[in-house]
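J.: Two chains, each in its own frame: build the complex with the hints.
These protein sequences, in sequence, are chains A and B. First residue of the first sequence? That's 1 in the numbering used here, and the numbers climb one at a time after it. First residue of the second sequence? That's 458 in the numbering used here, and the numbers climb one at a time after it.
For the record, the hints were derived by calculation from the structure and aren't laboratory data. Backbone N, C-alpha and C define an ideal beta-carbon position, used for all residues, glycine too. Among the hints, a few may not be true.
To be verified - In silico contact screen, one side only, chain B against chain A (beta carbon under 10 Å); selected entries:
1) Glu-597
2) Val-599
3) Ser-606
4) Ser-611
5) Lys-621
Claimed, not checked - Keeping only pairs whose Cα atoms sit at most 27 Å apart, straight-line, the calculated DSS-like set for lysine-lysine is:
6) A:Lys-431 x A:Lys-90
7) B:Lys-544 x B:Lys-483
8) B:Lys-622 x A:Lys-141
9) B:Lys-621 x A:Lys-151
10) A:Lys-144 x B:Lys-622
11) B:Lys-621 x A:Lys-141
12) A:Lys-336 x A:Lys-140
13) A:Lys-431 x A:Lys-417
14) A:Lys-140 x B:Lys-621
15) B:Lys-622 x A:Lys-151
Listed below, chain by chain, are the residues.
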Amino acid sequence: MNALIISAIMGVVMMFSGVLLRQRSAVLAVALSGLFVSIVLNIMEMYGFHLFKVNLNGMMHFDRFSLFFNTVAMGCTFIFLLLSAKEMEKVGLNYADYFALIFFILSGIILSSSFSSLLILFLGIEIISIPLYILTGSDKKNLKSNEASLKYFLLGAFSTGLMLMGITLIYGHSGSFAIDLVTTPETKPGILLIAGLLLLMFSMAFKVSAAPFHFWTPDVYDGAPTVFTSFMATIVKAAVFIAFIRLFYHAFGDIHETWKYLVAVITALTLFIGNITAVFQQSVKRMLAYSSIAQAGFMLMAILALNSVASEGILLYTTAYCLSTIGLFAILVKMKDYTFEGFNGFAKHQPLLAATAVIFLLSLAGIPLTAGFLAKFYMINAVITRGGFLWLVIFAVLMAAVSVYYYFRVIQAMYFKDGDAQLIEVSPAFKWAISLVAALVILLGVYPQLLFSWYYF
Amino acid sequence: MGITQILFWILSVMALFSALMVITSKNPMHSVIWLIIVFFAISGHYLLLNAQFLAIVNIIVYAGAIMVLFLYVLMLMDLKKETEPAKNRWLKVAGAMAGGSLLLVLVAALRKVDIENGIAETRTGDIGLIENLGTALFTEYVVPFEISSILFLSAMVGAVVIGKKE
Numbered sequence: 001m002n003a004l005i006i007s008a009i010m011g012v013v014m015m016f017s018g019v020l021l022r023q024r025s026a027v028l029a030v031a032l033s034g035l036f037v038s039i040v041l042n043i044m045e046m047y048g049f050h051l052f053k054v055n056l057n058g059m060m061h062f063d064r065f066s067l068f069f070n071t072v073a074m075g076c077t078f079i080f081l082l083l084s085a086k087e088m089e090k091v092g093l094n095y096a097d098y099f100a101l102i103f104f105i106l107s108g109i110i111l112s113s114s115f116s117s118l119l120i121l122f123l124g125i126e127i128i129s130i131p132l133y134i135l136t137g138s139d140k141k142n143l144k145s146n147e148a149s150l151k152y153f154l155l156g157a158f159s160t161g162l163m164l165m166g167i168t169l170i171y172g173h174s175g176s177f178a179i180d181l182v183t184t185p186e187t188k189p190g191i192l193l194i195a196g197l198l199l200l201m202f203s204m205a206f207k208v209s210a211a212p213f214h215f216w217t218p219d220v221y222d223g224a225p226t227v228f229t230s231f232m233a234t235i236v237k238a239a240v241f242i243a244f245i246r247l248f249y250h251a252f253g254d255i256h257e258t259w260k261y262l263v264a265v266i267t268a269l270t271l272f273i274g275n276i277t278a279v280f281q282q283s284v285k286r287m288l289a290y291s292s293i294a295q296a297g298f299m300l301m302a303i304l305a306l307n308s309v310a311s312e313g314i315l316l317y318t319t320a321y322c323l324s325t326i327g328l329f330a331i332l333v334k335m336k337d338y339t340f341e342g343f344n345g346f347a348k349h350q351p352l353l354a355a356t357a358v359i360f361l362l363s364l365a366g367i368p369l370t371a372g373f374l375a376k377f378y379m380i381n382a383v384i385t386r387g388g389f390l391w392l393v394i395f396a397v398l399m400a401a402v403s404v405y406y407y408f409r410v411i412q413a414m415y416f417k418d419g420d421a422q423l424i425e426v427s428p429a430f431k432w433a434i435s436l437v438a439a440l441v442i443l444l445g446v447y448p449q450l451l452f453s454w455y456y457f
Numbered sequence: 458m459g460i461t462q463i464l465f466w467i468l469s470v471m472a473l474f475s476a477l478m479v480i481t482s483k484n485p486m487h488s489v490i491w492l493i494i495v496f497f498a499i500s501g502h503y504l505l506l507n508a509q510f511l512a513i514v515n516i517i518v519y520a521g522a523i524m525v526l527f528l529y530v531l532m533l534m535d536l537k538k539e540t541e542p543a544k545n546r547w548l549k550v551a552g553a554m555a556g557g558s559l560l561l562v563l564v565a566a567l568r569k570v571d572i573e574n575g576i577a578e579t580r581t582g583d584i585g586l587i588e589n590l591g592t593a594l595f596t597e598y599v600v601p602f603e604i605s606s607i608l609f610l611s612a613m614v615g616a617v618v619i620g621k622k623e
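Bound conformation, chain B alone (with noise of 0.2 Å):
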């Protein structure tokens, strides 16, 4: 068994114990890390796919802006561990509906898999570098890229002139 997979195996575990924790526990304050423990441990198995790029956006984008926003909603609503809402009877049945159907979809698109022959291209590929995005970042997107910097400024502009006191 080589590294690859041993750290395989490792970031599975972590994920699924860390994602079964994010359903399990009372305090929503803890399912929220537990939810952060996860996107580390998937973008670790992107690290093995060769797709950095992916690793650092799922990163970036999940565990540090979307988690942290949801962070302190549940901060602002101060919810307490014992004072779970009573959930809907009805809301419980749309839940497992939808939950079902999840997993019909997966079922179905997982079902002619041919798991034997189908082994993980780890470290092999380049797609996913992001050697390779810079280049062509700099070198066919270069307009667009430079573009939006004029995006990005009026909407520093922008937020300025809304949120500057009068």
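Bound-form chain A, shown alone (with noise of 0.2 Å):
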């Protein structure tokens, strides 16, 4: 509650500071501190330590699972911000107003990651989406943008409406809005729950970009500002798997049986046209936008699996993808010829920087020593945990290798071809920050127990 007020207010803040401070360093100084101050917060509230006495009815649960997730997420945008805010001025005049949308985005994001109510997980979805299509949208003069925006907006306001038809029939199923009086283990599924249960997956599945609801993604990513869509694709869309897998965890896992089928052929599906198509892009900027769905498909599997090996794996799952991601984009932004031969030769000029992305993609492609080895190992745990879908394993694990060609090849046109890969200017602070979170990357590949043990004490 604390982080939910303070990024609240702090997007009302970031607007006046966009009248009121004439630098925007100082633009920028007030959004991180603002952040800092909320990450403190926020921590401070995992140990019982309560900014406002609010009478919530029942509306939201503060646990530690969404608290943890909560610090994570804005740990990420704190480093997003150090990474790519300079990015941001680039994209357009409203520069404090991004950073107002970022924060609205952040309340968003508490909301769905801690709801326990219908009402509060559709105005959480629809904190995140509205000033997503502005963010996506920002770069005015560009007709790429634009059509991405309307696009986004568009289809996102479809599956809003489908949610909403989803939380009516719900509702008319149950009496009520509270996610934990939805079903018990007796209830024998009628068509008013199977229905509402369908919308809402297949909206939640929209939002996550699985298969076959994807088909605004690689558009949308590729249309969007990069700095934004390294945004999107990473901190937002963990926090919409969280509100997935709580919506499902609470509301529907007593009657796992009748909807598991569903959602291991949604994750196949996610897995298999996210990787394949990933592989015949020629622009990094939009394999990534693919690798994103192909990632959604790995973080489906806490869904299929709904314990609580999945409920750590999804922790570290996106901790690791959002650090990775971020890290890849904020290098990626910084590049002037987004496909794969504007990377060529990039070791020769950028030594370091090739490095810590090498870091990256490895984590990606889930190769051992890395976070995102681990975050896919939990993943498949989680399912042989939960047993039955031995068929699913075997497949993601293919899957997974086919990822490493695409990622792979990024690697090798870095080391391996010559070329002329042109870079805007970096500063050496850049440097240090994205060294720290490659640092971070293989850290948590090394001793993962860092983030559980905090994590349960």
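T.: Here's what the structure looks like:
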């Protein structure tokens, strides 16, 4: 609750800072300090400190899992701002307003990670989505950005409509918005419950870009300004996954038998389409868009498994995925040419940045000693613990092998091809920051207990 | 005949007459204005049934927002009185089928209604009163109510960001 209030207030503060502060570095400083305060207050809430006494009427429940994820999400946003805030200046003139929108999105993320009422879920998802439509279209002079924004808005509004319809049907079934009251172990799934479940599943699958609801993803991620793609493909997607798993664990966990095959099929389809299409891409940005679909396939396995291994695993997976993708995008946004050829000879010009990029790519591909490997391991372990889906596990491992191909194409271009990779100027501070992120990825890969021991104590 | 019944008959005649005028008037602009009168008449019926909130929302949303949108579209399209486009024969068939289906559904739904005993409960029941709605909004649902302000604020910031001249 602390972080929710602070980030909502910070959104308003950022709006005014655009008028009151002339210098852009001052705006960034305000944003970073506000974010820092809300991270600290959120960590203090994990140990029982509450800034305000709010009677939530059971609409929200801030448990260990959601508070921990909020810390991860805000920490990743902090890293994202450190690495890429410079590039946000180039998008348009409303520098401070972009920060305001990002803070609003953060409050949406906090809502959707800690809801226990379907009303709050709806509000959270909408507070995440609406600023994202704006950020997607913030590069107003660029036709591709306009197109992406309109597409995202129309399809997003449509999927929100599906979600509302689903919530209505669930309300018709259980007579309450509380997610804990939707089903009990004795529930016989009726037509209202099943229809509501399907609609909610489809709209959530749309928001996390799971196949066959993924068609908006490549265009939107490709058309949006690259800094904002980095934000929406990582932190936002992770938050929606947390909402997805929370919804299905609390509301539909008791009727797991009725929907598990459908989720398994969606998972397999997402893995297949994401990985196979990513192979054929020529632009690294578009490849990363498809790779985010493929990674969503792995995260869907947590929803299929829905046990304690899965909830640990999804925390590790979102952390690992956010860190590596944010790092990779931070390098990509500095490149002049986004195609694979643009990376030719990158290692000769920028050995340090190339080395960090390799670490991020290895983590995304799931090579041991990086955080991505253990994250994938936890996901597969969760499904095996649940039992019954060995075919999916084998298929997922095969698809992870396919993903190595397109991630390694970037490494190959950087190290083994001659070329003149054009890069806009990078500061030493950027290099320090990105090395730190790469070190974090390695640290989590070698010693993941660091994350979990904090989670449990 | 009490005042409620007199009002009911006046509102019903008004609603039916305006509804007929919506589909018979040649000028689309007149149709839209007749439709607004239909909405007002129906809102009057809601008021008779003690559903204040529904009545107000019906006027605000339908008569206020949607009909103004209709009017704007008609003005922008600049439809003249006599330039009604010739209707396709298939379009007519499709329209008749859609209307017929609706009639079927209505007849099926209302077939077993007991008209003799089913008297409308005017001035009873308090579920539609604004007072109760306000109480629910500011006690049980106060958290989502306040949070929705973030949603509207972010939408407004977005509108400014998109709309501002650069």
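J.: Give a verdict on every hint.
T.: Evaluation of the provided hints:
1. A hinted interface residue such as Glu-597 (chain B) counts as satisfied when its beta carbon comes closer than 10 Å to some beta carbon of chain A; here the least separation is about 6 Å, so the hint holds.
2. For Val-599 (chain B), the interface hint holds, since its Cβ comes within 10 Å of a Cβ in chain A; the closest pair sits about 7 Å apart.
3. A hinted interface residue such as Ser-606 (chain B) counts as satisfied when its beta carbon comes closer than 10 Å to some beta carbon of chain A; here the least separation is about 9 Å, so the hint holds.
4. Because the closest C-beta pair between Ser-611 (chain B) and chain A is about 4 Å apart, less than 10 Å, the hint holds.
5. With its C-beta approaching chain A no nearer than about 7 Å, Lys-621 (chain B) sits inside the 10 Å limit, and its interface hint holds.
6. The suggested pairing of Lys-431 (chain A) with Lys-90 (chain A) holds, with an alpha-carbon distance near 20 Å, which does not exceed 27 Å.
7. Restraint check for Lys-544 (chain B) and Lys-483 (chain B): the C-alpha separation of about 14 Å stays at or below 27 Å, so the hint holds.
8. Between the alpha carbons of Lys-622 (chain B) and Lys-141 (chain A) the distance comes to roughly 11 Å, so the proposed pair stays at or under 27 Å and holds.
9. Restraint check for Lys-621 (chain B) and Lys-151 (chain A): satisfied, since their Cα atoms lie roughly 21 Å apart, inside the 27 Å limit.
10. As the CA atoms of Lys-144 (chain A) and Lys-622 (chain B) are separated by approximately 19 Å, the hinted pair is consistent with the 27 Å bound.
11. Distance hint between Lys-621 (chain B) and Lys-141 (chain A) is fulfilled; the C-alpha atoms sit about 12 Å from each other, no more than 27 Å.
12. Taken as a hint, the Lys-336 (chain A) and Lys-140 (chain A) pair is honoured in the structure, with Cα atoms around 20 Å apart against an allowance of 27 Å.
13. Distance restraint check for Lys-431 (chain A) and Lys-417 (chain A): the Cα-Cα separation of roughly 23 Å lies within the 27 Å cut-off, and the hinted pair is therefore satisfied.
14. Using a Cα cut-off of 27 Å, the hinted pair Lys-140 (chain A) and Lys-621 (chain B) holds, with the two alpha carbons roughly 10 Å apart.
15. Among the hinted pairs, Lys-622 (chain B) with Lys-151 (chain A) is consistent with the structure: their alpha-carbon atoms are about 22 Å apart, no more than 27 Å.
Taken one by one, the earlier hints all hold for this structure without exception.
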